[in-house]
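With chain A held as given, fit chain B onto it using these hints.
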Amino acid sequence: MDLSAIVMSSLWAALFAAALGVIYTAPVRYLVATFVCGFVARCVRDVGIGWGLSQNWATLVAAFAVVVIAAVLIRGRRVSPVVLICGVLPLGASSAMFNLIFALMQVSSSKGEALIAASVALSANAGKVFTTSLAIAGGLGPAMAIVRLFRREEDGSS
Amino acid sequence: MQPVDMALEAGLLVMRNGGSTVAADRSLTNILKGYQKEGVEVIWRLDFIAATYMADGRSSTVVRRVGPIKTNLVRANEVALLGERVANGEVPIAALSAEVKRIEQLPAPYNRWVVVAAALSTAACYSQVLGGDWGSLGIASVAACVGQVLRSLLYSRDLSVGSVTLLCGVLSAMIASAGLRLGFSQSEPATLIASVIYLVPGLPLINGFVDMISQRYLVVGVERIINAAFVFLILAAALALAATVLL
Chain A
5 MDLSAIVMSS LWAALFAAAL GVIYTAPVRY LVATFVCGFV ARCVRDVGIG WGLSQNWATL
65 VAAFAVVVIA AVLIRGRRVS PVVLICGVLP LGASSAMFNL IFALMQVSSS KGEALIAASV
125 ALSANAGKVF TTSLAIAGGL GPAMAIVRLF RREEDGSS
Chain B
298 MQPVDMALEA GLLVMRNGGS TVAADRSLTN ILKGYQKEGV EVIWRLDFIA ATYMADGRSS
358 TVVRRVGPIK TNLVRANEVA LLGERVANGE VPIAALSAEV KRIEQLPAPY NRWVVVAAAL
418 STAACYSQVL GGDWGSLGIA SVAACVGQVL RSLLYSRDLS VGSVTLLCGV LSAMIASAGL
478 RLGFSQSEPA TLIASVIYLV PGLPLINGFV DMISQRYLVV GVERIINAAF VFLILAAALA
538 LAATVLL
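Protein chains in written order, with the numbering used here: chain A, 5 to 162; chain B, 298 to 544.
Isolated chain A (complex conformation):
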């Protein structure tokens, strides 16, 4: 596992998340949280893969970590969705999504060997988009439920 490479890619992901926060008009006070969440997301995923987890399981763990970190960083009742969006997008299947659409376009116009190659690319990328999205949702959903539960208990005890 190359730690310096993981730190570098995590830094790029963090900067990407913060810049995306600006594009999505996130309030200024959330930008630090988006930066940290972007870093954590990529770092956890890469470390997970380095430890032998499959890409999907590593993505699921990373999405879970993003919600926990966002909940720690943002005080208040709710975790802002924009922080989560910017945090998990570096994990997303954007490249696979584009490749999927390219393959879809090629399938309609290809013949013979090219058609077979395009069909394989189409199903492979469709699977990648589906499993990555599912992994992200699978990490975000339980983590948000747990955070909500803790917050409710805090509200109840205060």
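Source of the hints: derived by calculation from the structure; they are not laboratory data.
Since we're looking at a predicted model, the values are computed, not measured.
Hints should not be assumed to be uniformly reliable.
[What the hints assert, rightly or not] Cβ-to-Cβ under 10 Å is the rule here; a few derived chain A residues that face chain B:
hint	residue
1	10
2	15
3	25
4	47
5	65
6	69
7	94
8	125
9	127
10	140
11	148
Glycine included, C-beta positions come from ideal geometry on N, C-alpha and C.
Same frame as chain A, now just chain B:
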């Protein structure tokens, strides 16, 4: 203004500024709670919101058009906070209308050039996230920067999201393809995808998922995800066009 109208106004403000339906409904419910108004049933769609309630023993329904959805999460966030303060009795009902009007007037938190710099940064960073080389970083930055300038100009002319995305996507992808053709980088996919990443509809996509996961706004969630898929399709078409013409 009637309590239900006021609450609908707040919910609409969240929807029109890029908030999720969950957030919009929570704000609406909080404001109704502040008015101590119960028994209001609300139907949420991406194009309209309808609220039904009993008044003087008769059922009344108020329908409001959502209209074009833009992005200003500061406003959406302010409405959510206002809703919580109203529910807790921290904001008098008499001041609510003025507060909603104040939030409506809030400007975007970042000016045009800050957003252009952010688009440049997203493209640069994403090219590296995808494993591109330094040439890829440079090409994607320039492409996204020019595309975002065009995007802000087109949005100020009230063009639809689809046409703005197509025009900006084609321009950015053309610049990226030209840079690749001139040999500034060997990382084709990283450069091309990063050059249009600032146009990716992340907000509708995640709001759609949030709405669907909540299970109460399935229709709105599906509408949002289809909208996002349509934008993805436009971006892919823009990339394919540029790659076919220039590469």
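Handout entry: Non-conforming hints, listed in increasing numerical order
Key = Numbers 1, 4, 5, 6, 8, 9, in rising order.
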